[in-house]
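A.B. asks: For reference, the chains in residue letters:
Protein chains: 2
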Amino acid sequence: MSLQKIAHVPPPTVGPSASVMEAVELMAEEGVGAVAVVDKDELRGIFTERDVMLRVVLKNRNPAQTRVSEVMTSPPQTAPDDMPLDEALNFLLDKHIRHLPIVDREGGIHGMLSLRNLLEHMVGYLQRELHSLDQYMANDGPGG
Amino acid sequence: MSLQKIAHVPPPTVGPSASVMEAVELMAEEGVGAVAVVDKDELRGIFTERDVMLRVVLKNRNPAQTRVSEVMTSPPQTAPDDMPLDEALNFLLDKHIRHLPIVDREGGIHGMLSLRNLLEHMVGYLQRELHSLDQYMANDGPGG
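Line by line, the protein sequences give chains A and B. With the working numbering as the guide, the letters of the first sequence map in order to residues 194 to 337. With the working numbering as the guide, the letters of the second sequence map in order to residues 194 to 337.
Be aware that a few hints might be false.
Treat identical chains as interchangeable: a pair holds within one or across any two.
Mimicking EDC-like on lysine to aspartate or glutamate, the simulated pairs with C-alpha atoms at most 16 Å apart in a straight line are [as the list claims (entries may be wrong)]:
1. Lys252 with Glu215
2. Lys233 with Glu222
3. Lys252 with Glu263
4. Lys252 with Asp297
5. Lys198 with Asp327
6. Lys233 with Glu215
7. Lys252 with Glu218
8. Lys198 with Asp275
9. Lys252 with Asp234
10. Lys288 with Glu313
11. Lys198 with Glu313
12. Lys252 with Glu222
13. Lys198 with Asp274
14. Lys233 with Asp327
15. Lys198 with Asp297
16. Lys233 with Asp297
17. Lys233 with Glu280
No lab work stands behind these hints: they were computed from the structure.
Could you put the whole structure together from the sequences, leaning on the hints where they help?
C.D. replies: The following block contains the structure:
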């Protein structure tokens with residue numbers, strides 16, 4: 194299937210010379226935790242709420258005077274649109290990240306996939322499996 | 194089963210009069226996105242990296258001069274240690290939150306459960322189910 198079907202499309206984007214404050218304003222408006230940094234239709238980086246905390250606040254940078262290009266992750270991890278769902282999940286967990294830009298071969302970005310998007314897509318499954326696991330741990334499981 | 198078995202134990206905590214910067218330093222050290230705000234062994238609130246972005250940076254507050262008590266969520270959503278896993282997941286998704294302090298009846302806090310803790314606990318299940326779902330969507334599913 195297509196990751197774009199469950200991702201945030203179109204992705205929230207800013208230019209590299211946008212300020213951290215502009216990126217934060219966009220994340221607040223869109224209710225998301227990451228923006229793609231795009232220059233001339235090409236993905237240059239990703240900037241997240243964790244970067245706001247660790248690379249701006251913790252480092253005493255001024256959000257109005259710091260450009261996202263100074264504090265973004267570049268190049269970012271990305272995924273093609275046809276990456277299988279289980280691989281996308283594995284990738285997010287392995288890399289300890291929450292967002293994955295969906296890109297084409299030319300470096301254009303078509304969506305932003307979040308861990309939450311994946312979860313919400315399969316919440317019915319998840320709840321049934323967690324219920325089973327809980328019963329198992331309560332009755333028979335190790336240390337149950 | 195016990196949520197404490199998969200939660201972050203002991204939970205990272207700060208006092209209500211700690212500064213935002215102190216809370217950020219603790220989150221950075223522990224590699225987490227939320228701290229519990231505790232006063233006299235009682236849970237008073239929760240403060241997260243999203244709060245750093247939306248309630249501090251976006252509002253032009255000074256991280257060194259703002260107390261967490263001014264910008265925390267209080268009272269926080271909480272869960273008892275024996276809440277079933279599926280209920281905990283449902284709760285996190287419904288409330289659109291990522292962290293859940295595990296508390297006893299006296300208001301003491303014993304751990305901090307994150308969405309990531311739940312996911313990592315059941316990653317084997319998840320990958321198999323996502324793989325099946327992906328196959329289904331590719332072959333027979335709606336719009337496949």
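A.B. asks: If the cut is 16 Å between Cα atoms, do lysine 198 and aspartate 275 qualify within a copy, between copies, both or neither?
C.D. replies: within (11 Å within a copy, 36 Å between copies)
A.B. asks: Should lysine 252 paired with glutamate 222 be assigned to within, between, both, or neither, using CA atoms and 16 Å as the limit?
C.D. replies: For lysine 252 and glutamate 222, only the inter-copy Cα distance (14 Å) is at most 16 Å; the intra-copy one is 25 Å.
A.B. asks: Give the relationship of lysine 233 and glutamate 215 under a CA distance limit of 16 Å: within one copy only, between copies only, both, or neither.
C.D. replies: This pair counts as neither: shortest intra-copy Cα distance 19 Å, inter-copy 39 Å.
A.B. asks: Measure nothing new, just compare the shortest in-copy and cross-copy C-alpha distances for lysine 252 and aspartate 234 to 16 Å and report within, between, both or neither.
C.D. replies: The answer is neither: 30 Å in one copy and 31 Å across copies each exceed 16 Å.
A.B. asks: Since the copies are identical, ignore which copy is meant and state whether lysine 233 and aspartate 327 lie within 16 Å (CA to CA) inside a copy, between copies, both or neither.
C.D. replies: neither (50 Å within a copy, 33 Å between copies)
A.B. asks: Please work out whether the CA atoms of lysine 252 and aspartate 297 approach to 16 Å or closer within one copy, between two copies, in both situations, or in neither?
C.D. replies: neither (34 Å within a copy, 37 Å between copies)
A.B. asks: Treating 16 Å as the Cα threshold, decide for lysine 233 and aspartate 297: within, between, both or neither.
C.D. replies: within (15 Å within a copy, 54 Å between copies)
A.B. asks: My question is about lysine 288 and glutamate 313: at a cut-off of 16 Å on alpha-carbon distance, are they close within one copy, between copies, both, or neither?
C.D. replies: Between copies only: 13 Å across, 20 Å inside.
A.B. asks: Give the relationship of lysine 198 and aspartate 297 under a CA distance limit of 16 Å: within one copy only, between copies only, both, or neither.
C.D. replies: Close inside one copy (15 Å), not across copies (41 Å); limit 16 Å.
A.B. asks: Checking an output row: lysine 198 and aspartate 327, CA cutoff 16 Å. Within, between, both or neither?
C.D. replies: between (31 Å within a copy, 12 Å between copies)
A.B. asks: Measure nothing new, just compare the shortest in-copy and cross-copy C-alpha distances for lysine 198 and aspartate 274 to 16 Å and report within, between, both or neither.
C.D. replies: This pair counts as within: shortest intra-copy Cα distance 9 Å, inter-copy 36 Å.
A.B. asks: Please sort lysine 252 with glutamate 215 into within, between, both or neither, judging by C-alpha distance up to 16 Å.
C.D. replies: Intra 18 Å, inter 12 Å, cutoff 16 Å: inter-copy only.
When each numbered hint is compared with the structure, violations occur for hints 2, 4, 6, 9, 14, 17.
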